[in-house]
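**Student:** The primary structure of each chain is shown beneath.
There are 2 protein chains.
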Amino acid sequence: MRLSKLVSERFKELPAGVSAKSHSLLLRAGYIKQVANGVYSLLPAAQKVSLKIQNIIREEMNKVDGQEVLMPVMMPREIWDKSGRYTSIGQEMVRFRDRNNHEMLLGMTHEEAAVHLCQNTIKSYDQLPCMIYQIQTKIRDEARPRAGLLRVREFTMKDAYSFHTSNDDLNQYYEKVYNAYERIYKRIGMKNVIAISSDNGMMGGDGAHEFQLLVEAGEDNLIICDNCDYKANMEIATSKIEQVEFQDEELKEIFTDKAKTIDELAEKLNKDKKQFIKAVCYAISGEKDKVIVAFIRGDKEVNDAKLKKYLGVNDINITDISETGLVKGNIGCVNLGSDNLIKVFDLSLKGQTGLICGANKEEYHISGVNMERDVEAQSFIDIAKVNEGERCPICGKPLTIKKGIEVGNIFKLGTKYSKTMDMNISMPDGKKMNPIMGCYGIGVGRCLAGIVEESSDEKGIIWPKAIAPWLVYLCPLRNDNKEVEEISENLYERLSQKFEVLFDDRKISAGMKLTDSELMGIPVRVVISPRSLSQSQAEITIRETGEKIMVDLELLEDTLDKLLKID
Amino acid sequence: MRLSKLVSERFKELPAGVSAKSHSLLLRAGYIKQVANGVYSLLPAAQKVSLKIQNIIREEMNKVDGQEVLMPVMMPREIWDKSGRYTSIGQEMVRFRDRNNHEMLLGMTHEEAAVHLCQNTIKSYDQLPCMIYQIQTKIRDEARPRAGLLRVREFTMKDAYSFHTSNDDLNQYYEKVYNAYERIYKRIGMKNVIAISSDNGMMGGDGAHEFQLLVEAGEDNLIICDNCDYKANMEIATSKIEQVEFQDEELKEIFTDKAKTIDELAEKLNKDKKQFIKAVCYAISGEKDKVIVAFIRGDKEVNDAKLKKYLGVNDINITDISETGLVKGNIGCVNLGSDNLIKVFDLSLKGQTGLICGANKEEYHISGVNMERDVEAQSFIDIAKVNEGERCPICGKPLTIKKGIEVGNIFKLGTKYSKTMDMNISMPDGKKMNPIMGCYGIGVGRCLAGIVEESSDEKGIIWPKAIAPWLVYLCPLRNDNKEVEEISENLYERLSQKFEVLFDDRKISAGMKLTDSELMGIPVRVVISPRSLSQSQAEITIRETGEKIMVDLELLEDTLDKLLKID
Numbered sequence: 001m002r003l004s005k006l007v008s009e010r011f012k013e014l015p016a017g018v019s020a021k022s023h024s025l026l027l028r029a030g031y032i033k034q035v036a037n038g039v040y041s042l043l044p045a046a047q048k049v050s051l052k053i054q055n056i057i058r059e060e061m062n063k064v065d066g067q068e069v070l071m072p073v074m075m076p077r078e079i080w081d082k083s084g085r086y087t088s089i090g091q092e093m094v095r096f097r098d099r100n101n102h103e104m105l106l107g108m109t110h111e112e113a114a115v116h117l118c119q120n121t122i123k124s125y126d127q128l129p130c131m132i133y134q135i136q137t138k139i140r141d142e143a144r145p146r147a148g149l150l151r152v153r154e155f156t157m158k159d160a161y162s163f164h165t166s167n168d169d170l171n172q173y174y175e176k177v178y179n180a181y182e183r184i185y186k187r188i189g190m191k192n193v194i195a196i197s198s199d200n201g202m203m204g205g206d207g208a209h210e211f212q213l214l215v216e217a218g219e220d221n222l223i224i225c226d227n228c229d230y231k232a233n234m235e236i237a238t239s240k241i242e243q244v245e246f247q248d249e250e251l252k253e254i255f256t257d258k259a260k261t262i263d264e265l266a267e268k269l270n271k272d273k274k275q276f277i278k279a280v281c282y283a284i285s286g287e288k289d290k291v292i293v294a295f296i297r298g299d300k301e302v303n304d305a306k307l308k309k310y311l312g313v314n315d316i317n318i319t320d321i322s323e324t325g326l327v328k329g330n331i332g333c334v335n336l337g338s339d340n341l342i343k344v345f346d347l348s349l350k351g352q353t354g355l356i357c358g359a360n361k362e363e364y365h366i367s368g369v370n371m372e373r374d375v376e377a378q379s380f381i382d383i384a385k386v387n388e389g390e391r392c393p394i395c396g397k398p399l400t401i402k403k404g405i406e407v408g409n410i411f412k413l414g415t416k417y418s419k420t421m422d423m424n425i426s427m428p429d430g431k432k433m434n435p436i437m438g439c440y441g442i443g444v445g446r447c448l449a450g451i452v453e454e455s456s457d458e459k460g461i462i463w464p465k466a467i468a469p470w471l472v473y474l475c476p477l478r479n480d481n482k483e484v485e486e487i488s489e490n491l492y493e494r495l496s497q498k499f500e501v502l503f504d505d506r507k508i509s510a511g512m513k514l515t516d517s518e519l520m521g522i523p524v525r526v527v528i529s530p531r532s533l534s535q536s537q538a539e540i541t542i543r544e545t546g547e548k549i550m551v552d553l554e555l556l557e558d559t560l561d562k563l564l565k566i567d
Numbered sequence: 001m002r003l004s005k006l007v008s009e010r011f012k013e014l015p016a017g018v019s020a021k022s023h024s025l026l027l028r029a030g031y032i033k034q035v036a037n038g039v040y041s042l043l044p045a046a047q048k049v050s051l052k053i054q055n056i057i058r059e060e061m062n063k064v065d066g067q068e069v070l071m072p073v074m075m076p077r078e079i080w081d082k083s084g085r086y087t088s089i090g091q092e093m094v095r096f097r098d099r100n101n102h103e104m105l106l107g108m109t110h111e112e113a114a115v116h117l118c119q120n121t122i123k124s125y126d127q128l129p130c131m132i133y134q135i136q137t138k139i140r141d142e143a144r145p146r147a148g149l150l151r152v153r154e155f156t157m158k159d160a161y162s163f164h165t166s167n168d169d170l171n172q173y174y175e176k177v178y179n180a181y182e183r184i185y186k187r188i189g190m191k192n193v194i195a196i197s198s199d200n201g202m203m204g205g206d207g208a209h210e211f212q213l214l215v216e217a218g219e220d221n222l223i224i225c226d227n228c229d230y231k232a233n234m235e236i237a238t239s240k241i242e243q244v245e246f247q248d249e250e251l252k253e254i255f256t257d258k259a260k261t262i263d264e265l266a267e268k269l270n271k272d273k274k275q276f277i278k279a280v281c282y283a284i285s286g287e288k289d290k291v292i293v294a295f296i297r298g299d300k301e302v303n304d305a306k307l308k309k310y311l312g313v314n315d316i317n318i319t320d321i322s323e324t325g326l327v328k329g330n331i332g333c334v335n336l337g338s339d340n341l342i343k344v345f346d347l348s349l350k351g352q353t354g355l356i357c358g359a360n361k362e363e364y365h366i367s368g369v370n371m372e373r374d375v376e377a378q379s380f381i382d383i384a385k386v387n388e389g390e391r392c393p394i395c396g397k398p399l400t401i402k403k404g405i406e407v408g409n410i411f412k413l414g415t416k417y418s419k420t421m422d423m424n425i426s427m428p429d430g431k432k433m434n435p436i437m438g439c440y441g442i443g444v445g446r447c448l449a450g451i452v453e454e455s456s457d458e459k460g461i462i463w464p465k466a467i468a469p470w471l472v473y474l475c476p477l478r479n480d481n482k483e484v485e486e487i488s489e490n491l492y493e494r495l496s497q498k499f500e501v502l503f504d505d506r507k508i509s510a511g512m513k514l515t516d517s518e519l520m521g522i523p524v525r526v527v528i529s530p531r532s533l534s535q536s537q538a539e540i541t542i543r544e545t546g547e548k549i550m551v552d553l554e555l556l557e558d559t560l561d562k563l564l565k566i567d
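Quick mapping for you: the protein sequence lines, in order, are chains A and B.
Quick note on our numbering: the first sequence kicks off at 1 and runs consecutively.
Quick note on our numbering: the second sequence kicks off at 1 and runs consecutively.
FYI, nobody ran anything at the bench for these hints, they're computed from the structure.
A couple of the hints might just be wrong.
One copy or any two copies: either way a pair holds, since identical chains are not told apart in the list.
As the list claims (entries may be wrong) - Once the Cα atoms are required to be at most 25 Å apart in a straight line, the calculated PhoX-like pairs of lysine-lysine come out as:
| id | residue 1 | residue 2 |
| --- | --- | --- |
| 1 | K507 | K191 |
| 2 | K268 | K191 |
| 3 | K350 | K565 |
| 4 | K309 | K191 |
| 5 | K258 | K459 |
| 6 | K240 | K309 |
| 7 | K268 | K240 |
| 8 | K52 | K138 |
| 9 | K52 | K498 |
| 10 | K432 | K273 |
| 11 | K5 | K397 |
| 12 | K431 | K507 |
| 13 | K240 | K186 |
| 14 | K328 | K565 |
| 15 | K507 | K432 |
| 16 | K260 | K273 |
| 17 | K258 | K548 |
| 18 | K123 | K513 |
| 19 | K465 | K397 |
| 20 | K274 | K5 |
| 21 | K138 | K343 |
| 22 | K432 | K465 |
| 23 | K21 | K513 |
| 24 | K328 | K21 |
| 25 | K63 | K52 |
| 26 | K240 | K431 |
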């Protein structure tokens, strides 16, 4: 490819309003162009990378006996009604009516379509296990698209669905795919990917892993124990609760004046924050009348994701309680009326005594709270956020928090979809069963951007060889010089027989060319200049290490062969 | 691939309500499954064919310097407002509002997105010509999806867009793509494809070709001259108007009683149908008050497509005129009031004399109509349908009508999009210009189905080798026989090293296996049976010709090599 003809443009300046490194570099190096908020066109260089990633994914899916299919983006409401997800999924699902006023939707995932495809197509136990997958455009109307390709509203995704006759069989196959995912990340050149247990979320089922690329730009918080194997997404992570004990006393109303936050109260009463019961109020989106009051130990914070999961809702928000009769800053769990209130208690409060909570009236709190004695029987559940330094729930050593980008996920779905959609297979004994399913996703664009986050420097992108859009950046300097021009044109011809070459045939300054080659991230640069030609040589620079090698022109292919070999 | 594990099912019976051959065969042979009206899932076998077609298209697009990109399916209204197509395209475009109430649409074509991508990315004349293309899902909410994959609402399409500095350059490039298309059809194994001039339709611009696969199931009517090179879609085809001459007379009202149709009138008055002026009334969709009256010679019919194009509207319908004051069956062009009427005259009436038209009152017509003398000055345009046997407009020989499936189209767009979207490039003299564009489409699914229409027999599909899902159907008969089983398992292993093999490992009757192999259309079948093994041989059957060859087992690879070579 001649760079003079490549549909692309490069920029020196950091684009305005862009913070993620990959977003900035992909824009600056001419890989992507924004069409709408969270919607991008891939320019030719990016599409080349994307296709290479897709092919690696395809190869690995085929290795685990995946059968490639293509399900539609546009689906009728009916098949999603069966699973209940037409109504349970929120605004991120695009819904519209077709010209005949039929309710349609755009797929963000394809469990229902996969069951539809396999239903009556697979009928007997001896056709299982089987897995179908597709590489396809997904539409997901994200509330907050951000960071270029990292969180978008339209993306290319590989999604796969497997069917099994037993949990054992699912577990075995799940592990195969787990291993295939590890191979995929390795092959596309990602270095720091870890698999962690995660929440099944809207997929349903009982067991899931996320593959997280550990980079600073990650928006997921991961709780990791460096001592043992414990790893979990903040959304579901737990820690060992630090035990505390306060003297059991009588209940007593105490004047606390204007002190309302835990910090203010702890200071005013000169007590440990752990002795207080914090109350946090939430509203459920779309359910105006209900208020949730979450009670938790004063030193801890509520993890919204855990609370949502417990409540079985898509969205909750910290709410304004001015019209509820609750007294802001003085809410307490002793004698709290329960009309329209859902009370939730964190595990950290279980069995505790001598605590202090709000008195449900202005300027007063109550001390001596004994949870068992003074608070109506409640179940205690884990709704606490884990903080850095808390103790690992497995080994008790301090936990650390890392940032990650979710670059893939795999789920054990169980029979949620096969049951609700009434997919049956015949077993050897003649009985019917709903097959047990797994599903396996990987976002192509997010992998592409994730690699740029992980593999770049202040000069630009550093593409791993397996997915680089071109492997060789052929860069004549001073190509107003006739010898340089002739030899580099010949070399372009010659090298293109063996390698993917981007030929910088532009008649511009040496500085601009070298800068662009680094910005675009091509693994190997071959410079031809009057100086190098005086020795019948070319200067090779390895993008990743910056290492430079002078090579005789006739040895160029051999040298490149060695340098570009993928281990 | 083991057939026992292939996600697919085959049926003997013709599915209910299915008429097109490709629709029936693709369903019966386990290639597709319907998800909604005009929306299908591709099962693994079909996706394999689709990917092979896509790769051939990709190779040919790369050969004409195409640069593959990916533009979004989901686009914001704004970029389509610039070209005016957000409003000018009808209900076939899916429109919806996103969660922020922003108006969005789903792409059925990508001229606007292509200009958006190249705008400011290509800035200078020396970057041209250039062409970008993508292979992508398109959504088009067809009013009447039909015939399986032949007319659907969601499909995979290759669409390409080129940019030029002059019409000469566009013309040259257009021819290159024209040739690339011919290579594509040849390579994927289509035999009877012809290119014909066509209407630019909603694309705009000045010049277009359709590639039409000539098969009975085609829904396009093509007018073809077997003598010269004249070929055109019925929508724009013309013929030499057969000259007629009638005596010029005075206008005279004649009593015609209940005779209203041209047939009734011709019989009653004992005149040639050519002597009458037929009136056809239309309404424009969405414009309630306007009535179009099209006048045409009595022996001819109105071509709606030509009329729509002349009027510049998407849709017209023959209308009920009961409330307009027009007298059904007696409408005439002499002294016809023109409130809310748009009158259109076909070329066949130009300069004619002695004609008979309605008198605009019940039971009367007028004879002696001299178009020039009696009808207010009007322009005459061609709105006539061409009938089989009419004369070629070029050479005058009789025209024939053939049925075709449009499997591709190419358009000279001119500057319609670059101008309205204000895309500029700098020319050598420093001036700016709007680049001249071409666009080039090819539907992957329609090609797949078209090939089945063209290449099949009463037993099933006959895939061309270049796109067959598998090349060899390995078919052990009596695989309850230990020797057959062992040898065929070994052969499966051996042949899979070199060929794409579908291994019919099912333990079912010979008849069912042989029937399925023919239905699925795999080019070569290799049968291993106790009888063939008694001679250490396999029986090869060529699907296309039915030819059978007995081959020694050790010569199998060599023989298959020869048989499967693509010329």
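**Student:** Take the hints in turn and mark each one as holding or not.
**Tutor:** Right, here's what the structure says about each hint:
In this assembly of identical chains, the alpha carbons of K507 and K191 never lie at most 25 Å apart, being 37 Å within a copy and 47 Å across copies at closest. Taking the shortest alpha-carbon separations for K268 and K191, neither the intra-copy value of 50 Å nor the inter-copy value of 90 Å comes in at or below 25 Å. In this homomeric assembly, K350 and K565 never come within 25 Å of each other (Cα to Cα): the closest approach is 60 Å inside a single copy and 75 Å across copies. With identical chains, the CA atoms of K309 and K191 are never at most 25 Å apart, being 32 Å at best within one copy and 59 Å at best between copies.
Taking the closest pair of Cα atoms, K258 and K459 never come within 25 Å of each other, the shortest separation being 55 Å inside a single copy and 88 Å across copies. Taking the closest pair of Cα atoms, K240 and K309 come within 25 Å of each other only inside a single copy of the chain (20 Å); across copies the shortest separation is 75 Å, beyond that limit. When the C-alpha separation of K268 and K240 is checked against a cutoff of 25 Å, the pair qualifies neither within a copy, at 29 Å, nor between copies, at 102 Å. Proximity of K52 and K138 under a CA criterion of 25 Å is satisfied in both settings, with 19 Å inside one chain copy and 23 Å between copies.
Proximity of K52 to K498 under the C-alpha cut-off of 25 Å is found in both arrangements, the shortest distances being 17 Å within a copy and 24 Å between copies. Taking the closest pair of Cα atoms, K432 and K273 never come within 25 Å of each other, the shortest separation being 57 Å inside a single copy and 70 Å across copies. For the homomeric pair K5 and K397, neither the shortest alpha-carbon distance inside one copy (57 Å) nor that between copies (48 Å) is at most 25 Å. Taking the closest pair of Cα atoms, K431 and K507 come within 25 Å of each other only across two copies (21 Å); inside a single copy the shortest separation is 74 Å, beyond that limit.
For a Cα distance limit of 25 Å, the shortest separation of K240 from K186 qualifies neither inside one copy, at 34 Å, nor across copies, at 69 Å. In the homo-oligomer, the alpha carbons of K328 and K565 never lie at most 25 Å apart, since the shortest distance is 66 Å inside one protomer and 81 Å across protomers. Proximity of K507 and K432 under a CA criterion of 25 Å is satisfied inter-copy only: 21 Å between copies versus 71 Å inside one chain copy. In this assembly of identical chains, K260 and K273 lie within 25 Å of each other by CA distance solely inside one copy; the values are 13 Å within and 97 Å between copies.
Proximity of K258 and K548 under a CA criterion of 25 Å is satisfied in neither setting, with 69 Å inside one chain copy and 97 Å between copies. Proximity of K123 to K513 under the C-alpha cut-off of 25 Å is restricted to the inter-copy arrangement: shortest distance 18 Å between copies versus 60 Å within a copy. In the homo-oligomer, the alpha carbons of K465 and K397 never lie at most 25 Å apart, since the shortest distance is 39 Å inside one protomer and 63 Å across protomers. Taking the shortest Cα distances, K274 and K5 never come within 25 Å of each other, neither inside one copy (66 Å) nor across copies (59 Å).
In this assembly of identical chains, the alpha carbons of K138 and K343 never lie at most 25 Å apart, being 38 Å within a copy and 49 Å across copies at closest. Taking the closest pair of Cα atoms, K432 and K465 never come within 25 Å of each other, the shortest separation being 49 Å inside a single copy and 40 Å across copies. When the C-alpha separation of K21 and K513 is checked against a cutoff of 25 Å, the pair qualifies only within one copy, where the shortest distance is 22 Å, while the shortest distance between copies is 57 Å. For the homomeric pair K328 and K21, neither the shortest alpha-carbon distance inside one copy (42 Å) nor that between copies (72 Å) is at most 25 Å.
Taking identical chains as interchangeable, the C-alpha atoms of K63 and K52 lie at most 25 Å apart whether they share a chain (17 Å) or sit on different chains (19 Å). Within a single copy, K240 and K431 get their C-alpha atoms no closer than 46 Å, and across copies no closer than 72 Å, so neither meets the 25 Å cut-off.
Checked against the numbered hints given earlier, the structure breaks hints 1, 2, 3, 4, 5, 7, 10, 11, 13, 14, 17, 19, 20, 21, 22, 24, 26 and satisfies all the rest.
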